[in-house]
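2 protein chains.
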Amino acid sequence: MSELNSLPKRQLIARLDASQENFSEHLASLLAFEASEDEAIDSTVAQILADVKKRGDAAVLETTNRFDRLSANSVTDLEIGQAELQAALASLTPERRQALEMAAQRVRAYHEVQKNECGSAGFSYTEADGTVLGQKVTPLDRVGIYVPGGKAAYPSSVLMNAIPAKVAGVAEIIMVVPTPDGIKNPLVLAAAAIAGVDRVFTIGGAQAVAALAYGTATIPQVDKIVGPGNAYVAAAKRRVFGTVGIDMIAGPSEILVICDGTTDPDWIAMDLFSQAEHDELAQSILLCPDAAYLDAVSASIEKLLGDMPRHEIIRTSLANRGALIKVLDMQQACDIANSIAAEHLEISTENPQHWADRIRHAGAMFLGRFSSEALGDYCAGPNHVLPTSRTARFSSPLGVYDFQKRSSMIFVSEQGAQSLGKVAAELAYGEGLQAHARSAEYRLKS
Amino acid sequence: MSELNSLPKRQLIARLDASQENFSEHLASLLAFEASEDEAIDSTVAQILADVKKRGDAAVLETTNRFDRLSANSVTDLEIGQAELQAALASLTPERRQALEMAAQRVRAYHEVQKNECGSAGFSYTEADGTVLGQKVTPLDRVGIYVPGGKAAYPSSVLMNAIPAKVAGVAEIIMVVPTPDGIKNPLVLAAAAIAGVDRVFTIGGAQAVAALAYGTATIPQVDKIVGPGNAYVAAAKRRVFGTVGIDMIAGPSEILVICDGTTDPDWIAMDLFSQAEHDELAQSILLCPDAAYLDAVSASIEKLLGDMPRHEIIRTSLANRGALIKVLDMQQACDIANSIAAEHLEISTENPQHWADRIRHAGAMFLGRFSSEALGDYCAGPNHVLPTSRTARFSSPLGVYDFQKRSSMIFVSEQGAQSLGKVAAELAYGEGLQAHARSAEYRLKS
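Protein sequences appear in the order of chains A and B. When you read off a place in the first sequence, starting at 1, and then add 733, the result is the number in my numbering. When you read off a place in the second sequence, starting at 1, and then add 733, the result is the number in my numbering.
Because the hints were derived from the structure by calculation, they are not lab data. In this text, all values refer to a predicted model and were calculated from it rather than measured experimentally.
Given that identical chains are not distinguished, each listed pair holds provided it fits within a single copy or across any two copies.
Heads up, simulated DSSO-like pairs for lysine-lysine below, C-alpha to C-alpha not over 30 angstroms straight-line:
#1 K1036 x K1178
#2 K869 x K899
#3 K1059 x K1036
#4 K786 x K917
#5 K899 x K917
#6 K1178 x K1155
#7 K1155 x K869
#8 K786 x K899
Please construct the entire structure, taking both the sequences and the accompanying hints into account.
Given below as structure tokens:
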């Protein structure tokens, strides 16, 4: 990113033109992000995992008391009961409680439709010879949700992770959330109450991931762990993958806006800010065929930035990772969007569906001028846990399907075993697997 | 497993009783399997990945020539053209070719039903205020399939990995298969021809995974890599996860048989062999409420083992990891099966569906006496790539859904933005994200 860093200091965000020579190299360097692999973190995490696996509750208690400056006497003391969750909910202002409940209701409604539409009923079909083939779909038994403590503690994430699991039919949801110095976030606990989380433990870091993955005397073993966390949590999730399921390891958040140049430029500037305010590494990019409109958005950025409480974060994010890009036309904007495969894609145009039909890769698409990403982050209904760092090329929003698994069902009739047995035996002999062949041949009538 | 190893030498397979004290500890030690994490392999793999990422074709060519004892002049020389694939197909005996084509046709038919039933069409619904929510489903652009060389080169695996990708609509499938000393397996090449693989390169190991994950001048970058491989391949897949998608890292294969004691004991013995012959680490377990029947299966094992060409592997596998387990009744058998969460579960009973309804965790269920696992391995239709090592608790057979991804679709109407905007702003202020709040508030009518 040396070229971007050498831009004049007063420019708040890079300007690029897709017709420039070397544009694709520019774009590639702008998008380049590699999660740092810190050997020291990884080796600390390996030790904590091994310790919790071996010593269970004792290891969880010691590491939690040490890292979070607590003085609990047992892991049981670290559990928050349902009464405390309900008390947190009751403590909210009516406006905030109503907003959280409406968001939960809409997220639930969307995921219920998703459940019905994603093949949750399984299927089965019968062939002419009586052979029945199909697929059975079942929910996971028990799921762990990691919720970060401190500055990145988002009640909306509790809803987005817990509700699809509940809708899928997961019997038990265990939430873990660290409470450094014993400070609890009432909004997070209220969200847990609304989402129907079954048990909450105030533990975090690699020790929490280990406890969920291996189980301890007090904390039940789960089948999958979802939810965001810091570098220690990410390293721990990578290491327990296989013992339990995990969701994607998220990179910095991204927004890509395609605009035809007729949306209020203040709106688009604020949409870019809304991503940039998350984190210095967050990425906000605008594609537009109208150079004068990019000037207008640039002016809006300049005008509005000073008023934002998180202006320092926004300024760094836009300067290092943002861009306003002039494209030839809307088709080129769609081509570039497919190569970026953004987490969030706003299509702020007339007839947005026309352009959405040309997009193959995006975590979520926000169509039309009124669909700001912020609405999707909280309450539109679809999940806000989305694939980052170009992984939308091969992965999906968190959904009901992440809390279900499938089993193939194979009933071969006696008649079916006659034709299938001959084929299987022929191929098994070809692979040198004679017991496979004989097992099929035993079912043949002599 | 010290207790199992101390069994009398002549016993071919352990006998357990679920009513014994310490049965659950016995079972846990029998199931225990940890993939060895070899630091030396991992560091070699890290070097190869970095080298291919940096030097591209040159690194792929050098490592392939060195490890596989070839003397190719360029990576282009390592590509097998469609003509050679077709020639391999033409070289098969008519019986073998017909068996391969029938297997492919049945696998294709099953996965086409699966595609129709798993929500591939996406969905969309409109709310009263005109807001439209939904989900778009699209295939991956390009997929890489790893096929091992040497003894574990299975044409059936080519079909099982490539056909679901084709059915999903993946535009390009790149297969890699190492050919140590230049020896090609015509059955594998024929299977690639039948499955519609687009390009084949004779490369393997970490260098092949790196080439697919990063792309080189000759080998295109893919979006996901699937298929089994040795420890180097597994380590490389773990490391490139995130840059590309990967399938599960498979452990040793497993069969669990639940039998009511009325199936021909020779059939069940051979079914246990068919898993054990894969690999010394493979696992074959039988659950039955009838002790006399377990004696009969034990006698069948003794009688039949000597005739099996792979009897040494079978003997080791059964002795170290197999078991015949007496259960109280069929319900207990189902409970144990749920705790084992086997890759393959045969329910060899009268009215097998009755018991299948009680199973929550299994990769594939084979119902009834004629549904031997071997039929499913080759040609029943469902996929033979299945979750191992208890991962059926949270993961699924390879399927069309592994080659598709979803995008959320959010169109908020002007009217919808009024109610959603207030909720989003309230929650955004609660999380301290003011740009999110302002972005939502801009869409409110003043």
